[in-house]
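Visitor: If you want the building blocks of each chain, they are given just below.
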Amino acid sequence: MKLRANLIIGGALFALAILVGLLAPWLAHTDPVLDANLMNAEEPPSWTWWFGTDDQGRDIYSRVVYGARVSLTVGIVSQLINSVIGVALGLSAGYWGGWWDDVVNALTNLMLAIPSLIFALAIMAVLGPGLTSLLIALGLTNWSFTCRIARASALSLKSQGYVQAATVLGYGDVRIMITQLLPNMLGPIVVIGTLGMGSAVLSEAALSFLGLGVRPPFPSWGSMLSDARDQITTAPWLSVFPGLAIFLTVLGLNLLGDGLRDILDPQSRSRRT
Amino acid sequence: MTGAPLIEVEDLRIDLDDGSRRVAAAEGISFRIDRGETFGLVGESGCGKSITALALIGLLRPPLSIGGGVIRFEGKEIQHLSAARQRDLRGNRIAMIFQEPMTALNPVSPVGRQIAEMFVLHKGKSWREANKLAVEALASVRVPAPERRVNDYPHQLSGGMRQRVMIAIALACGPDLLIADEPTTALDVTVQAEIIELMRNLCAERGTAILMISHDLGLVANVCRRVAVMYAGRIVEERGSADIFRAPSHPYTQGLVDSLPRLGSRAALGRSRLKEIAGVVPAITSFPDGCRFNPRCARATDICRTVAPTAEWLEAGGLVRCHHHA
Ligand SMILES: Nc1ncnc2c1ncn2[C@@H]1O[C@H](COP(=O)(O)OP(=O)(O)O)[C@@H](O)[C@H]1O
Ligand code: SF4
Ligand SMILES: [Mg+2]
Numbered sequence: 038m039k040l041r042a043n044l045i046i047g048g049a050l051f052a053l054a055i056l057v058g059l060l061a062p063w064l065a066h067t068d069p070v071l072d073a074n075l076m077n078a079e080e081p082p083s084w085t086w087w088f089g090t091d092d093q094g095r096d097i098y099s100r101v102v103y104g105a106r107v108s109l110t111v112g113i114v115s116q117l118i119n120s121v122i123g124v125a126l127g128l129s130a131g132y133w134g135g136w137w138d139d140v141v142n143a144l145t146n147l148m149l150a151i152p153s154l155i156f157a158l159a160i161m162a163v164l165g166p167g168l169t170s171l172l173i174a175l176g177l178t179n180w181s182f183t184c185r186i187a188r189a190s191a192l193s194l195k196s197q198g199y200v201q202a203a204t205v206l207g208y209g210d211v212r213i214m215i216t217q218l219l220p221n222m223l224g225p226i227v228v229i230g231t232l233g234m235g236s237a238v239l240s241e242a243a244l245s246f247l248g249l250g251v252r253p254p255f256p257s258w259g260s261m262l263s264d265a266r267d268q269i270t271t272a273p274w275l276s277v278f279p280g281l282a283i284f285l286t287v288l289g290l291n292l293l294g295d296g297l298r299d300i301l302d303p304q305s306r307s308r309r310t
Numbered sequence: 011m012t013g014a015p016l017i018e019v020e021d022l023r024i025d026l027d028d029g030s031r032r033v034a035a036a037e038g039i040s041f042r043i044d045r046g047e048t049f050g051l052v053g054e055s056g057c058g059k060s061i062t063a064l065a066l067i068g069l070l071r072p073p074l075s076i077g078g079g080v081i082r083f084e085g086k087e088i089q090h091l092s093a094a095r096q097r098d099l100r101g102n103r104i105a106m107i108f109q110e111p112m113t114a115l116n117p118v119s120p121v122g123r124q125i126a127e128m129f130v131l132h133k134g135k136s137w138r139e140a141n142k143l144a145v146e147a148l149a150s151v152r153v154p155a156p157e158r159r160v161n162d163y164p165h166q167l168s169g170g171m172r173q174r175v176m177i178a179i180a181l182a183c184g185p186d187l188l189i190a191d192e193p194t195t196a197l198d199v200t201v202q203a204e205i206i207e208l209m210r211n212l213c214a215e216r217g218t219a220i221l222m223i224s225h226d227l228g229l230v231a232n233v234c235r236r237v238a239v240m241y242a243g244r245i246v247e248e249r250g251s252a253d254i255f256r257a258p259s260h261p262y263t264q265g266l267v268d269s270l271p272r273l274g275s276r277a278a279l280g281r282s283r284l285k286e287i288a289g290v291v292p293a294i295t296s297f298p299d300g301c302r303f304n305p306r307c308a309r310a311t312d313i314c315r316t317v318a319p320t321a322e323w324l325e326a327g328g329l330v331r332c333h334h335h336a
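Which chain is which? The protein sequence lines are A and B, in order.
The numbering used here numbers the first residue of the first sequence as 38 and each following residue consecutively.
The numbering used here numbers the first residue of the second sequence as 11 and each following residue consecutively.
You may find that some hints are simply not true.
[What the hints assert, rightly or not] The list that follows gives simulated cross-link-like pairs (lysine to any residue, SDA-like), each with its CA atoms no further than 25 Å apart:
1. A:Lys-195 - B:Ser-75
2. B:Lys-133 - B:Asn-161
3. A:Lys-195 - A:Ser-129
4. B:Lys-135 - B:Gly-184
5. A:Lys-195 - B:Arg-152
6. A:Lys-195 - B:Gly-68
7. B:Lys-135 - A:Gly-209
8. A:Lys-195 - B:Asp-312
9. B:Lys-142 - B:Arg-152
10. A:Lys-195 - B:Lys-142
11. B:Lys-86 - B:Pro-120
12. B:Lys-142 - A:Ser-129
13. B:Lys-133 - B:Ala-93
14. B:Lys-133 - A:Val-163
15. B:Lys-142 - B:Ala-93
16. B:Lys-133 - B:Asn-102
17. B:Lys-135 - A:Leu-192
It should be emphasised that the hints constitute simulated quantities derived from the structure, not laboratory data.
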C-alpha cells in the first residue's frame, strides 16, 4: 500500500499535537498558571524562554503546551458527539425514509441555514463559558454534513444485494443498520470527522477569543490569542506561537482527512487488493 | 400437523399498485411442497417467479402486496404474522439464496463472521461458539482450509466460492425450506454444475426442501421432483419432472421443452438454431383477455381469446391450464 505524503504529514502533525497534550506536565518548563513572575514579564523568545513570556511573566511555551489539552479535547470530543448524532439521524432517515426522513431533513436544513458558529454562540450565551459548555455547544451544532453523507450512503447502500440478503436472512432493522450499512459508509464519515475536528479546534479558538471559552487563567490557544491582541505590535510572540499551534493542528487534521479520503475511498480499496 | 405439507400456497394473488389502480402481477398461484421435497418454478424472465418467492418469506414491499390467498407453513397461516414473527422464520426456518453471489455478501465483513452472525441471531449462540460453528459450516460446503478462509473478505473469493459461502449462510440454521432464486445464473457453466450438486446433496442429507427458481427448465427438471411452469403471473402447468419432458401438456411448456438444447443434437453443437417461442411476455398492465398465452400460441382458437382456462387435473397426474391441452 502506498502511503501518501498528506497522510504522513497530517498524521504526524496530529499525533504530535496529541503527544504534546498528553505529555504536557513533562514537556512544560513551568506551571502554566501559577508560575507568574513580574520580574520576567514580556521577555522575547530566548534560550530560557523559548516562546517568550507574557505581561505577567508566564512562560508562553508552557502555556501553549498545556493549551493543547483544551483545544484537542474540544476538537475530538465535540466532533465525536457530532459524528454520533449525524450518523444516527442520517443512517436511520436514509434507511427508513417516510416521515422520519422528512423530520431529519428539516432539522438538517435548519442546521445548514444557520452558521454553526453563530448557533454555538447562542448556546454558549445560554450555558455560560466553560469547557463543558464548549463541548455541548460545538458538539450539537456541526453534525449536518455527517448527517447528509450518512443519509445519502444509506439510501444508496440499502438497495445493495447484501442488505437485501440480510433482510431475507431475518436481520432486524437495527442489526442491518449497524452490521451492513454503517461499516460500508465509515470511510467518508471518518474523513468528515477528521476535517470536522479541525474546524472544531478553530471554533474553540474563536469562542475563546470572544471570551466564551475556557475560563482564564487556564490556557487555551484561543484565549491566549485573545489576551495577546493588545500587545500584537509590542510583543508579537504572544500571538504568533498559539496561532502557529492552531495553524499546524488544523493543517494536520485537514491533510489527514484528505489522506484518509484517498485510502478509504471504496474504489481505491478494491484496487488495493 | 404431521400430515400437513411443509409449505402450501392457495390461490395466492400479488397486487401491483401503480398509483392509480391495482393490477394482479400474479394470481391463482397454488402449490405445495412437502418436507424434504424438491420443487421447481420455471418461466421466462418477468413472469412473476421472484415476487412469488418474496411473498412466501413476507418480503413483498410497496408497490407490491399480497392481494389474496393463503400461505401456510407447517399448516399455519403465515401471511399475516407480525414483522418480528416473520423475521424469526426467515433465515431460521426458510432461507433463500440469490442470483448474485458477487453482491450478496457484505464487502467489509469477513465471511466467517457473516456465517457466525446467523447462529448469534437465530440460535442465541455466543460469538465464540458461533465462530467455531462457522468453520464447520464452511467445511460442509467444501471450502478448502475453512479455518483460514473464515477470515477472508468476500473480494478474496471467486464467484463459486462466494456462492458456497452463501449456501453455508443459508443452511447455517438448518432451515426446512431453501429457496434458490436463479442461484447459478451468474456463474460459469462448470461452476454452476458443482454448486447445484452441492446444494442438492446438502439438502438431501439434512432433509431440507428446495424451491428452485429458474428460467432454465433443463436445470430445474434436473434438480426437482416436480416442476411448475409459470407464464404471465399464472401457473400454467405442474407436473413431475420426467413427465414434463416426455409429454409436455401446455403449449407454452412444449415451447420451452423444444427450445432446450438436447445433448448430442445439432442444436447443442450450435449448428442449427434452437426453436424459440415467437413473441414476448406481455407487460403486467396489458395482459391479454382469455388465456394470457393466446397471442403467442399456435393452437389458439376463439374461446382462448375470451375465456381464461381453469386448472385441470391430468389423468397422468399433474395440473394444466389450457383449453386445448395435449
Ligand atoms: N418492485 C417492483 N415494482 C414494480 N413492479 C415489479 C416490482 N418487482 C417486480 N415487478 C414486476 O413484477 C413482474 C414479475 O417480476 P419477477 O417476479 O421479478 O419476475 P421473474 O419471474 O423474472 O422473477 C415483472 O413484470 C416485474 O416488472
Ligand atoms: S388456452 Fe388456448 S391460447 Fe391458451 S395455451 Fe391453451 S390453446 Fe393456447
Ligand atoms: Mg427473478
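Visitor: Check the hint pairing Lys-195 of chain A with Lys-142 of chain B against an upper bound of 25 Å on the C-alpha distance.
Guide: Violated. Lys-195 of chain A to Lys-142 of chain B sits at ~30 Å, over the 25 Å cutoff.
Visitor: Given the hint that Lys-133 of chain B pairs with Ala-93 of chain B, does the C-alpha gap stay at or below 25 Å?
Guide: Measuring from Cα to Cα gives roughly 18 Å; hence the hint holds.
Visitor: Lys-195 of chain A and Asp-312 of chain B: Cα distance at most 25 Å?
Guide: 48 Å, violated
Visitor: Holds or violated: Lys-135 of chain B and Leu-192 of chain A, Cα atoms, limit 25 Å.
Guide: Violated, because 32 Å separates the two Cα atoms, which is more than 25 Å.
Visitor: Are Lys-195 of chain A and Ser-75 of chain B close enough, with their CA atoms no more than 25 Å apart?
Guide: At roughly 20 Å apart (the allowed maximum being 25 Å), Ser-75 of chain B and Lys-195 of chain A satisfy the hint.
Visitor: For the pair supplied as a hint, Lys-133 of chain B and Asn-161 of chain B, confirm whether the alpha-carbon distance does not exceed 25 Å.
Guide: 22 Å, holds
Visitor: Against the 25 Å threshold, does the CA-CA distance of Lys-142 of chain B and Ala-93 of chain B hold or violate the hint?
Guide: Since the Cα atoms of Lys-142 of chain B and Ala-93 of chain B sit roughly 30 Å apart, the hinted pair is violated (cutoff 25 Å).
Visitor: Within a Cα-Cα threshold of 25 Å, do Lys-133 of chain B and Asn-102 of chain B meet the stated pairing?
Guide: Roughly 8 Å between the alpha carbons, so the hint for Lys-133 of chain B and Asn-102 of chain B holds.
Visitor: Please work out if Lys-133 of chain B and Val-163 of chain A have their alpha carbons no farther apart than 25 Å.
Guide: Cα-Cα ~51 Å, so violated.
Visitor: Holds or violated: are the alpha carbons of Lys-135 of chain B and Gly-184 of chain B at most 25 Å from each other?
Guide: 14 Å, holds
Visitor: Straight-line Cα separation of Lys-195 of chain A and Ser-129 of chain A no greater than 25 Å?
Guide: Since the Cα atoms of Lys-195 of chain A and Ser-129 of chain A sit roughly 11 Å apart, the hinted pair holds (cutoff 25 Å).
Visitor: Keeping to a limit of 25 Å between CA atoms, is the pair of Lys-195 of chain A and Gly-68 of chain B held or broken?
Guide: It holds: about 18 Å lies between the C-alpha atoms, which stays within 25 Å.
Hints 5, 8, 10, 11, 12, 14, 15 and 17, counting from the list given before, are not met by this structure.
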